[in-house]
Amino acid sequence: MEEQIVYRHTVEGVFRSIGDRLTPELRAKLVDVGLNLDAQSPHHTPRAIFADALRVTAEHLYPQLDVSEGYRRLGVGIIQGMEQTVLGKSLVSMWPIFGPERVVVRIQESFSTVNNYMRSELLTQGPGHHIIRVNECNGNPGYLRGLIEAGLARAGAKNLRVEPFDFDGHACSYRIRWGG
Numbered sequence: 004m005e006e007q008i009v010y011r012h013t014v015e016g017v018f019r020s021i022g023d024r025l026t027p028e029l030r031a032k033l034v035d036v037g038l039n040l041d042a043q044s045p046h047h048t049p050r051a052i053f054a055d056a057l058r059v060t061a062e063h064l065y066p067q068l069d070v071s072e073g074y075r076r077l078g079v080g081i082i083q084g085m086e087q088t089v090l091g092k093s094l095v096s097m098w099p100i101f102g103p104e105r106v107v108v109r110i111q112e113s114f115s116t117v118n119n120y121m122r123s124e125l126l127t128q129g130p131g132h133h134i135i136r137v138n139e140c141n142g143n144p145g146y147l148r149g150l151i152e153a154g155l156a157r158a159g160a161k162n163l164r165v166e167p168f169d170f171d172g173h174a175c176s177y178r179i180r181w182g183g
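Sequential numbering from 4 applies to the sequence shown in my numbering.
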């Protein structure tokens with residue numbers, strides 16, 4: 004069985020999006036779970052280490068919040084971080100032109116570009132009503148919820164609701180609705 008890995012650009016993107024909140028204390032906590040951001044960047048990070056790193060980061064950055072909300076804010080931060088790069092800014096600026104219906108498809112498709120193990124399925128229930136099923140949420144459905152919410156909000160989705168359901172510790176489904 005192939006080792007489950009998270010690609011380097013994903014790990015770099017998560018921690019670049021944190022900016023100056025990536026303190027020496029947080030870096031030390033990440034080293035404790037096996038992720039040394041100061042070392043030569045490996046081409047990949049094992050899934051379990053990445054999941055632990057997300058948990059530690061959410062707990063460190065948002066200790067006053069429910070852990071799911073901390074994960075959600077990390078996910079939102081990824082989209083905000085994308086907007087800080089030249090390529091990301093160009094991409095995100097196109098989302099309102101594409102609109103939420105096309106962007107929800109792109110978000111779901113992009114999940115397969117962050118690691119070698121995530122599989123997802125988009126089920127369209129009608130305009131502004133979709134379900135995304137994902138086989139792995141790295142410990143908490145809040146992270147992907149934040150990504151989905153932030154991406155669709157940037158695409159112009161109004162009255163947006165993203166609700167995780169059927170989370171079993173790994174897989175999760177998201178009910179996504181927007182509009183009137």
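Keep in mind that the hints were calculated from the coordinates and are not lab data. Check each hint, because a few of them may be wrong.
Taking lysine to aspartate or glutamate and the EDC-like style, the derived pairs with C-alpha atoms no more than 20 angstroms apart in a straight line are [what the hints assert, rightly or not]:
{"#": "1", "residue 1": "LYS92", "residue 2": "ASP41"}
{"#": "2", "residue 1": "LYS92", "residue 2": "GLU152"}
{"#": "3", "residue 1": "LYS161", "residue 2": "GLU124"}
{"#": "4", "residue 1": "LYS32", "residue 2": "GLU62"}
{"#": "5", "residue 1": "LYS32", "residue 2": "ASP55"}
{"#": "6", "residue 1": "LYS32", "residue 2": "GLU6"}
Restraint-style ranges between C-beta atoms, simulated for each label pair [unchecked claim]:
{"#": "7", "residue 1": "GLY102", "residue 2": "ARG24", "range": "30 to 38 angstroms"}
{"#": "8", "residue 1": "ASN138", "residue 2": "HIS12", "range": "32 to 40 angstroms"}
{"#": "9", "residue 1": "PRO99", "residue 2": "GLU6", "range": "22 to 30 angstroms"}
{"#": "10", "residue 1": "ASP69", "residue 2": "ARG180", "range": "17 to 25 angstroms"}
{"#": "11", "residue 1": "MET97", "residue 2": "GLU72", "range": "37 to 45 angstroms"}
{"#": "12", "residue 1": "GLU28", "residue 2": "SER96", "range": "17 to 25 angstroms"}
{"#": "13", "residue 1": "THR26", "residue 2": "GLN83", "range": "38 to 46 angstroms"}
The model shown is predicted, which means the values in this text are computed figures rather than measured ones. No residue lacks a Cβ here, since even glycine has one placed at the ideal position from N, Cα and C.
Now for the hints, and whether the structure bears them out:
1. LYS92 - ASP41: violated (26 angstroms)
2. LYS92 - GLU152: Cα-Cα ~17 angstroms, so holds.
3. LYS161 - GLU124: violated (23 angstroms)
4. LYS32 - GLU62: Given that 20 angstroms is the threshold and the Cα spacing comes to 11 angstroms, the pair holds.
5. LYS32 - ASP55: Cα-Cα ~10 angstroms, so holds.
6. LYS32 - GLU6: violated (24 angstroms)
7. GLY102 - ARG24: 30 to 38 angstroms: Given a distance of about 32 angstroms, which is inside 30 to 38 angstroms, the answer is holds.
8. ASN138 - HIS12: 32 to 40 angstroms: violated (21 angstroms)
9. PRO99 - GLU6: 22 to 30 angstroms: violated (39 angstroms)
10. ASP69 - ARG180: 17 to 25 angstroms: holds (22 angstroms)
11. MET97 - GLU72: 37 to 45 angstroms: Cβ of MET97 to Cβ of GLU72: about 29 angstroms, so the range 37 to 45 angstroms is violated.
12. GLU28 - SER96: 17 to 25 angstroms: violated (35 angstroms)
13. THR26 - GLN83: 38 to 46 angstroms: violated (19 angstroms)
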